[in-house]
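Colleague: Using the sequences and the hints, build the whole thing.
Protein chains: 2
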Amino acid sequence: MAKEKKVEQITDMEVDFAQWFTDVCKKAQLIDYSSIKGIFIYRPYGYAIWENIQRVLDAEFKKVGVENVYMPMLIPESLLQKEKDHVEGFAPECAWVTMGGSEELEERYCIRPTSETLFCDHFKNVIQSHRDLPMKYNQWCSVLRWEKTSRPFLRHREFLWQEGHTMHATAEEAKEFTEQMLNVYADFCENVLAMPVTRGQKTDKEKFNGAEATYTIECMMHDHKALQAGTSHYFGDGFAKAFDITFTDQNNQRVNPHQTSWGVSTRLIGGIIMTHGDNNGLVLPPKIAPVQIVVLPVAQHKPGVLEAAETLKNRLINAGFRVKLDDSDNSMGWKCAEYEMKGVPLRVECGPRDLENGQCVLVRRNDGEKTVIKLEDLERAAAEQLELVHQGMFHKAKQNLDEHIFEAHSLEEAKAVQERSGGFVKTMWCGELECELKMKEAAGMSSRCIPFDQEHLDDVCPICGKSAQKMIYWGVAY
Amino acid sequence: MAKEKKVEQITDMEVDFAQWFTDVCKKAQLIDYSSIKGIFIYRPYGYAIWENIQRVLDAEFKKVGVENVYMPMLIPESLLQKEKDHVEGFAPECAWVTMGGSEELEERYCIRPTSETLFCDHFKNVIQSHRDLPMKYNQWCSVLRWEKTSRPFLRHREFLWQEGHTMHATAEEAKEFTEQMLNVYADFCENVLAMPVTRGQKTDKEKFNGAEATYTIECMMHDHKALQAGTSHYFGDGFAKAFDITFTDQNNQRVNPHQTSWGVSTRLIGGIIMTHGDNNGLVLPPKIAPVQIVVLPVAQHKPGVLEAAETLKNRLINAGFRVKLDDSDNSMGWKCAEYEMKGVPLRVECGPRDLENGQCVLVRRNDGEKTVIKLEDLERAAAEQLELVHQGMFHKAKQNLDEHIFEAHSLEEAKAVQERSGGFVKTMWCGELECELKMKEAAGMSSRCIPFDQEHLDDVCPICGKSAQKMIYWGVAY
Chain A
1 MAKEKKVEQI TDMEVDFAQW FTDVCKKAQL IDYSSIKGIF IYRPYGYAIW
51 ENIQRVLDAE FKKVGVENVY MPMLIPESLL QKEKDHVEGF APECAWVTMG
101 GSEELEERYC IRPTSETLFC DHFKNVIQSH RDLPMKYNQW CSVLRWEKTS
151 RPFLRHREFL WQEGHTMHAT AEEAKEFTEQ MLNVYADFCE NVLAMPVTRG
201 QKTDKEKFNG AEATYTIECM MHDHKALQAG TSHYFGDGFA KAFDITFTDQ
251 NNQRVNPHQT SWGVSTRLIG GIIMTHGDNN GLVLPPKIAP VQIVVLPVAQ
301 HKPGVLEAAE TLKNRLINAG FRVKLDDSDN SMGWKCAEYE MKGVPLRVEC
351 GPRDLENGQC VLVRRNDGEK TVIKLEDLER AAAEQLELVH QGMFHKAKQN
401 LDEHIFEAHS LEEAKAVQER SGGFVKTMWC GELECELKMK EAAGMSSRCI
451 PFDQEHLDDV CPICGKSAQK MIYWGVAY
Chain B
1 MAKEKKVEQI TDMEVDFAQW FTDVCKKAQL IDYSSIKGIF IYRPYGYAIW
51 ENIQRVLDAE FKKVGVENVY MPMLIPESLL QKEKDHVEGF APECAWVTMG
101 GSEELEERYC IRPTSETLFC DHFKNVIQSH RDLPMKYNQW CSVLRWEKTS
151 RPFLRHREFL WQEGHTMHAT AEEAKEFTEQ MLNVYADFCE NVLAMPVTRG
201 QKTDKEKFNG AEATYTIECM MHDHKALQAG TSHYFGDGFA KAFDITFTDQ
251 NNQRVNPHQT SWGVSTRLIG GIIMTHGDNN GLVLPPKIAP VQIVVLPVAQ
301 HKPGVLEAAE TLKNRLINAG FRVKLDDSDN SMGWKCAEYE MKGVPLRVEC
351 GPRDLENGQC VLVRRNDGEK TVIKLEDLER AAAEQLELVH QGMFHKAKQN
401 LDEHIFEAHS LEEAKAVQER SGGFVKTMWC GELECELKMK EAAGMSSRCI
451 PFDQEHLDDV CPICGKSAQK MIYWGVAY
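Chains as they are written, first to last, in the numbering used here: chain A, 1 to 478; chain B, 1 to 478.
Think of the hints as simulated: they come from the structure by calculation, not from any bench. Check the hints yourself; a few may be wrong.
[Unchecked claim] Below, in silico cross-link-like pairs of lysine to any residue (SDA-like), each with a Cα-Cα straight-line distance of 25 Å or less:
(1) B:K82 <-> A:D32
(2) A:K124 <-> B:K27
(3) A:K207 <-> A:D32
(4) A:K82 <-> B:T98
(5) A:K124 <-> B:S35
(6) B:K27 <-> A:T248
(7) B:K287 <-> A:N52
(8) A:K37 <-> B:I127
(9) A:K62 <-> B:P290
[What the hints assert, rightly or not] If you want the footprint, here are the derived chain B segments under chain A, 3+ residues with CB under 8 Å:
(10) 38 to 45
(11) 279 to 291
(12) 337 to 344
(13) 385 to 398
The beta-carbon is built from N, C-alpha and C at its ideal position, and this holds for glycine as well.
Modeller: Listed below in structure tokens is the structure:
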């Protein structure tokens, strides 16, 4: 009964994917609405996913020599305006502070939408010599962009993210680091979040305001729309010149350093939900799940069952897993539905008969597969099953991606493919903005990226018919 | 030479304590000024101290059942105004957002100076039944208070902190939890930061805006001024009534829950500097030092020295210490001064003669004590020395505290004691605001706390001569 009731509360994804997504965010208690439109509250279960993402990624950053700092949340308008392309892109989305206490401010401050300008203002003070380079900084913080529309995790006016900012002595080193950080993100998505990615470069139209080049990882959601999951930008020395940042090189000359920035946000959680979730709710990748294993005693009023469940829980905790035992008086059906909704990767069931036989049952969230194991094998079997959950999730998502990349040789064909199947449509492209705009107008698709893995599909751009050297991915994106 | 130069750069604390403090913040590269008055940049070394504080405290919070969340950074003015005392206290210090993009907002938003109102707005939605209680939330974030004056770590317009907010079914439970969290802070200060504290209750004048009772831990700085290091507040059901938060109790009645909040901030880092620092710079408590041990090879050009130093470093890292090896070509004098400035608790020196004799030298930052140890004892000896550093630091700070608590029996005596020696002046107190104001006016001291450990010094208040039951601590505070 309880189970039936619970499952009924979620809209089927086949009926209305957007509503299914919102339902999962609410029912799994990831997020709540605040009293300001477009700003959300990260509830404990949602925030715990972010903490796990932070922990793993932060360790990866530190491995490549990145140090954490914290910059101000406010940017004076004059500072924001120092780099022309940058301010043009962000000014329309800024929230402005105009009063401090009861006094009107002499200059208004925007709440950071991103912090390139603040980092540059600081770099100017602390970079003197080539010995100070590379300087690799990162901060975990929230940023604010006054967008018109919003959706949980995918588009918030305020969202949590990390932004890395680095300065290098040479353009080559900076470019290399830009790609290195994209690969850190790509590996993280695939190996930790079980989300396969496509790596590539953004077009000039889609690149970050003020960047020379933007690299991206693009993921495929369950509804065959694209999600930009992380970006890494190479700035050349544009900001360094605008902010007058120089260092003394080995020839004793004052020169400008070369810059990168790179970021991922809580949008990744939206990606996890839409890549792995199903009609029973969340399905969480084991490596970032707040609870990896839930222990459910069956017929817990029977003698010895609760004690045995407690023992299993403690053994799993001692083995390093994140574990919860639910010995509440809710029904087994309710509990199963609840932890399915919350996407807990592995369920351990143990009842009186299991215990008699010295065994228990492991149930995988992603495919419902049950495995009966001997109690003495618990730790090893749990680790094995969690690895199988990760692999199964990755495999399914990879299949969804691979089966939804289509080739097109004309604008009409691209449009027809997108309407029929969604996904990425790959074509050749001449490199002109005009053709990019035409694709958007005719087929509703934006360019997703020029993949690093190139294929030669044709000699010409299918939109204008001119010669084309590059293959590009198009798609409808979140 | 290098050492002389380095040490000269800091003002002696006996000459100008305030300038010494600022010098340490800058030269140890903890902090930098931003382009906005009163807002500081947390540099890698300063932020790493905060990360260590976070890691230890967060684990303590989780032990008492606290969960992390993240609330919006903006508070609509109407929400801030719901609790009368609260808004009166904070409105004069709010920074106000009045524009979103190019549009004037219908209602202005303040950047959170603290988040009671936001938590209450959320609690209203998620608390239904006594089964939902207690609800124990915390967030790590930055807050903004538009203060007139500022000093690194001690008073920022924007600063990093944590704010815990909990709701309980009964007043008793909430009061108990308020004290429990104060004890978490007190134990943390003493056992982790080596900062002895005085625990007590704030007077009505000094309590948090909107609280029924505020508990505090007060520390004694090296210049004998007081620092309020952490506070824990009991709210009763005042906010709950103002925000209409109710739950169904076990008798099926709708009643208001009882509330607490508690916080510490990066002000603790200011406390660490002013409690432990000396004329050579920072002295960091081993448990939160970003680098606990620095390994310095002596005569590193001699064969085998660098390799041996590398081996020592790796052994210490494998034993779980945070370690740095400095094999740069700077002089030994420069290196010693540099890591003294940065407050690294333990220095390992190893030169050719040490290696011949199968030994190395451990030097404690806090008292300069040198210990020659056998190489095979390295890990055990390092752990022992770090423990001695902690104990030595705590003991010295405790002595400074104990020797600067004075008793007074008249306003004149209190004033004379404060002028002569600084520190805490303890007197009896009738409980009247008028006497508190008189002490401030006549002796320049505010009330620090009514200590939990009470003594009976007199029968009357030394200010008004009326009967007095309570002993109070007065002091000049940061």
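Colleague: Each of the hints needs a verdict: does it hold here or not?
Modeller: So, going through the hints one by one against the coordinates:
1. B:K82 <-> A:D32: Satisfied, since the Cα-Cα distance of roughly 21 Å is no more than 25 Å.
2. A:K124 <-> B:K27: holds, 17 Å
3. A:K207 <-> A:D32: violated, 32 Å
4. A:K82 <-> B:T98: With Cα atoms ~23 Å apart, A:K82 and B:T98 stay inside 25 Å; holds.
5. A:K124 <-> B:S35: holds, 12 Å
6. B:K27 <-> A:T248: holds, 21 Å
7. B:K287 <-> A:N52: Cα-Cα ~23 Å, so holds.
8. A:K37 <-> B:I127: holds, 22 Å
9. A:K62 <-> B:P290: Holds: A:K62 and B:P290 sit about 13 Å apart, inside 25 Å.
10. 38 to 45: holds (count 6)
11. 279 to 291: It is violated, with 0 qualifying residues against the three required.
12. 337 to 344: violated (count 0)
13. 385 to 398: That given contact is violated, which follows from only 0 residues of the region 385 to 398 of chain B lying within Cβ reach (below 8 Å) of chain A.
Hints 3, 11, 12 and 13 from the list above are not met by this structure, while the remaining hints are.
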